[in-house]
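Protein sequences appear in the order of chains A and B. When we follow the numbering used here, the leftmost residue of the first sequence carries the number 1, and every step to the right adds one. When we follow the numbering used here, the leftmost residue of the second sequence carries the number 1, and every step to the right adds one.
Everything labelled a hint here was simulated from the structure, so no lab data went into it. Keep in mind that the hints are not guaranteed to be accurate.
Facing chain B, a subset of chain A residues (Cβ under 7 Å, in silico) [claimed, not checked]: (1) Val59; (2) Gly63; (3) Leu65; (4) Phe70; (5) Lys90; (6) Val126; (7) Phe134; (8) Leu140; (9) Ile143; (10) Ser145; (11) Leu148; (12) Ala151; (13) Leu152; (14) Gly154.
EDC-like mimics (lysine to aspartate or glutamate), calculated; alpha carbons at most 16 Å apart, straight line [as the list claims (entries may be wrong)]: (15) A/Lys131 with A/Glu142; (16) A/Lys131 with B/Asp114; (17) A/Lys161 with B/Asp114; (18) A/Lys161 with B/Asp116; (19) A/Lys131 with B/Glu43.
Virtual Cβ for every residue (Gly too), placed ideally from N, Cα, C.
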Amino acid sequence: MADFIFWIIWALIVASAALVAFGNNLIHSVFALMGTFLGVAGIYIFLNADFLAVTQIVVYVGGILVLLVFGIMLTNKISSAQISQSSVQKWLGLIVVLGVLTIILTAVLPHDWVGSITPMAFNETVAGIGKLLFTEYLILFEIASVLLLGALIGAATLARKEL
Amino acid sequence: MQEHYGIALAFGAVAFLLMYMGFIIQKLIAPNNKTELKMDTYECGEEPEGDGWLQFNIRFYVVALIFIIFDIEVVFLFLWAVVFKELGFLTFVEVFVFMAILIVGLAYAWVKGDLDWVKMKLKYGTGRYSAARLHEAETK
Numbered sequence: 001m002a003d004f005i006f007w008i009i010w011a012l013i014v015a016s017a018a019l020v021a022f023g024n025n026l027i028h029s030v031f032a033l034m035g036t037f038l039g040v041a042g043i044y045i046f047l048n049a050d051f052l053a054v055t056q057i058v059v060y061v062g063g064i065l066v067l068l069v070f071g072i073m074l075t076n077k078i079s080s081a082q083i084s085q086s087s088v089q090k091w092l093g094l095i096v097v098l099g100v101l102t103i104i105l106t107a108v109l110p111h112d113w114v115g116s117i118t119p120m121a122f123n124e125t126v127a128g129i130g131k132l133l134f135t136e137y138l139i140l141f142e143i144a145s146v147l148l149l150g151a152l153i154g155a156a157t158l159a160r161k162e163l
Numbered sequence: 001m002q003e004h005y006g007i008a009l010a011f012g013a014v015a016f017l018l019m020y021m022g023f024i025i026q027k028l029i030a031p032n033n034k035t036e037l038k039m040d041t042y043e044c045g046e047e048p049e050g051d052g053w054l055q056f057n058i059r060f061y062v063v064a065l066i067f068i069i070f071d072i073e074v075v076f077l078f079l080w081a082v083v084f085k086e087l088g089f090l091t092f093v094e095v096f097v098f099m100a101i102l103i104v105g106l107a108y109a110w111v112k113g114d115l116d117w118v119k120m121k122l123k124y125g126t127g128r129y130s131a132a133r134l135h136e137a138e139t140k
């Protein structure tokens with residue numbers, strides 16, 4: 001059963017990623033991207049990373065995707081121009097894709113993936129991450145808030161017309 | 001633990017199915033008799049004008065950006081909520097410092113007027129706000 005679900009998630013990721021890449025309507029692409037994000041969250045669960053899966057859903061599906069939809073809806077040419085994406089410079093793109101594929105394959109293929117897998121029981125990781133974050137890595141936690149503060153002020157400043 | 005994911009998945013699948021069941025059933029049993037008037041956008045009896053694709057107000061964008069920052073903050077609060085009982089009051093102080101730093105950013109955006117819907121302090125604004133600003137200048 002778990003194998004079956006894994007392959008369904010795999011199919012969901014690949015199908016929605018293909019929709020994102022080949023879709024003609026940008027809005028449809030953004031909604032298809034939701035399938036990819038949810039599928040990746042499912043993969044995280046299979047990797048025994050439940051906190052990462054929830055974060056993926058909360059931040060990517062709940063936040064980034066909304067920002068992408070906003071980005072399309074706020075463009076000022078939305079009423080005049082066709083909201084479409086088209087493939088330009090296909091040959092250049094093919095070269096880039098093949099190059100990236102080569103890099104990934106040279107990194108992935110030499111490793112013995114199946115032999116190095118040790119089956120693990122499903123454990124929840126949230127409490128463990130929380131305990132480490134609030135004791136051992138407390139400084140990093142507080143520094144993260146400074147990083148977020150910088151992002152917030154930077155975003156607000158850039159979105160403003162007059163600085 | 002694994003069966004919890006199964007339950008969550010079952011919930012998701014049922015919700016998804018129920019949502020599409022409405023479409024599928026109405027496709028099967030509803031008469032398919034489309035006229036131009038029926039396919040029109042319903043706008044309280046008014047005839048719709050223009051295109052549905054219009055530019056949304058740019059001010060939503062700042063709100064969305066600020067939302068994402070606090071979205072990420074919430075992720076950290078989840079972790080805190082799970083271990084709060086175990087680690088006690090000290091983590092409350094830690095999270096308070098964390099949130100206080102972020103609220104500085106919110107206060108910055110507030111003071112700078114990024115959250116204002118009507119920007120009255122525009123320097124060279126024109127249009128319907130210019131009359132209001134004239135009035136403001138006169139009363140000073």
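| Restraint outcome when A/Phe134 is required to lie within 7 Å of chain B by C-beta distance | 5 Å, holds
| field | When the least beta-carbon distance from A/Ala151 to chain B is tested against 7 Å, hint result | value | Because about 6 Å separates A/Ala151 from the closest Cβ in chain B, which is inside the 7 Å limit, the hint holds.
| query | Within 16 Å, alpha carbon to alpha carbon, are A/Lys131 and B/Asp114? | reply | 37 Å, violated
| request: With a cut-off of 7 Å on the beta carbons, see whether A/Leu65 makes it to chain B. | output: Since the shortest Cβ distance to chain B is 10 Å, the answer is violated.
| message | Does B/Asp116 sit within 16 Å of A/Lys161, going by the straight-line distance between their CA atoms? | response | 14 Å, holds
| query | Does the nearest C-beta of chain B fall within a distance shorter than 7 Å of the C-beta of A/Leu152? | reply | 4 Å, holds
| task | Hold the hint about A/Gly63 up to the distance rule: shortest CB distance to chain B must be less than 7 Å. | result | Status holds, d = 4 Å.
| query | Can the hint on A/Ser145 be confirmed by a CB-to-CB distance to chain B that is less than 7 Å? | reply | 4 Å, holds
| said: Tell me if the straight-line CA distance from A/Lys131 to B/Glu43 falls inside 16 Å. | reply: 54 Å, violated
| message | Under 7 Å is the threshold here; is the Cβ of A/Leu148 close enough to any Cβ of chain B for the hint to stand? | response | Hint holds; A/Leu148 Cβ to chain B Cβ min 5 Å, cut 7 Å.
| said: Less than 7 Å between beta-carbons is the criterion; does A/Val59 satisfy it with respect to chain B? | reply: The hint holds - A/Val59 has a Cβ within 7 Å of chain B, the shortest such distance being about 6 Å.
| query | CA of A/Lys161 to CA of B/Asp114, is that 16 Å or under? | reply | 10 Å, holds
Violated hints, listed in ascending order, are 3, 5, 8, 9, 14, 16, 19; each of the other numbered hints is respected by the structure.
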